[in-house]
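Put chain B on the given structure of chain A with help from the hints.
Number of protein chains: 2
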Amino acid sequence: MPLSKFSVPPDQRFFEDYEAGGVYELGSIAVSEAEIVDFARRFDPQYFHVDHEQASSGPFAGIIASGWHTVGLAMRLFVDQFLSHVASLASPGADEIRWPNPVRPGDTLSVGVTVLDTRPSQSKPDRGIVRSKVEAVNQRQEIVLSMMLVSFLARRHAG
Amino acid sequence: MPLSKFSVPPDQRFFEDYEAGGVYELGSIAVSEAEIVDFARRFDPQYFHVDHEQASSGPFAGIIASGWHTVGLAMRLFVDQFLSHVASLASPGADEIRWPNPVRPGDTLSVGVTVLDTRPSQSKPDRGIVRSKVEAVNQRQEIVLSMMLVSFLARRHAG
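Protein chains in written order, with our numbering: chain A, 69 to 227; chain B, 69 to 227.
Here chain A stands alone, though its shape is the one from the complex:
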């Protein structure tokens, strides 16, 4: 797929800068076992996320990352590289989160985003709504995460 390019950096982006069909690469991120265990101890302490020994005889033959950790890692790149740093008005929700392959210690994930559609808000004329599909693949190009995010963004000349 041909990549798109924003005409302005994240601290100058508004709703109007997002266009349906835009495809962006957000960079990549390495995942260590220490990070996987640290996240999971706080939020998702299933044994195959936190216990090296028990995990090795478990369903994945080793530790895998909490799916929510993978979401967080992708979200970090989405916020840093894609989302406006000035016009974001947060999100009402997310849909269709899928973890088709596990993330293992030492994996490097590459994250991309496709803008699915954009529309002005009907009820609030100061903002618009952007729906994006975020995907993360590992170093073997296996998809480890896909999700659909909804973002509220201020319009450039809202006030």
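In case anyone wonders, no lab produced these hints; they're calculated from the structure.
Heads up, some of the hints might be wrong.
Claimed, not checked - Simulated restraints on C-beta separations:
1. B/R208 - A/R208: 31 to 39 Å
2. A/S72 - B/I97: 35 to 43 Å
3. B/A98 - A/F128: 31 to 39 Å
4. A/P160 - B/I97: 21 to 29 Å
5. B/E84 - A/S191: 40 to 48 Å
6. A/V154 - B/Q190: 21 to 29 Å
7. A/S72 - B/D79: 32 to 40 Å
8. B/G130 - A/A98: 46 to 54 Å
Ideal placement from N, C-alpha and C gives every residue a C-beta, glycine not left out.
Just chain B now, with coordinates in the frame of chain A:
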């Protein structure tokens, strides 16, 4: 709604212990500003999650938690109290994540879960699939999170 009760603790639960229509309270959890900022610095560093001063003149008139932090807090109770500690085979995904109200520092969230449906896997006879709706409300009974989780669970006499 009348509450349900499992007949066995989490370390003895299998697929067969989950029944459609079951409703469970998982407990409550307090959220501090330090935790909100710490999570968001790592995974969702939008200014209204990490910068007290800038957030106070932002769209929420103060810091609010990343929606993914709220998911993590609810997930922790889901894993500790509801999910089997021996039969969980992880999750293929989640749907319909909604954040209808913000979570603010000092809030106390109460988390509940309803089992939507359960069915044996067609392709893998050793397991079943449980779909659950998780909801979190704040101290004013406002819903701050709802989401639908899918869990794979081993059957009791799988082998």
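**Request:** Of all the hints given earlier, name the ones this structure violates by number, lowest first.
**Result:** 1, 6, 7, 8
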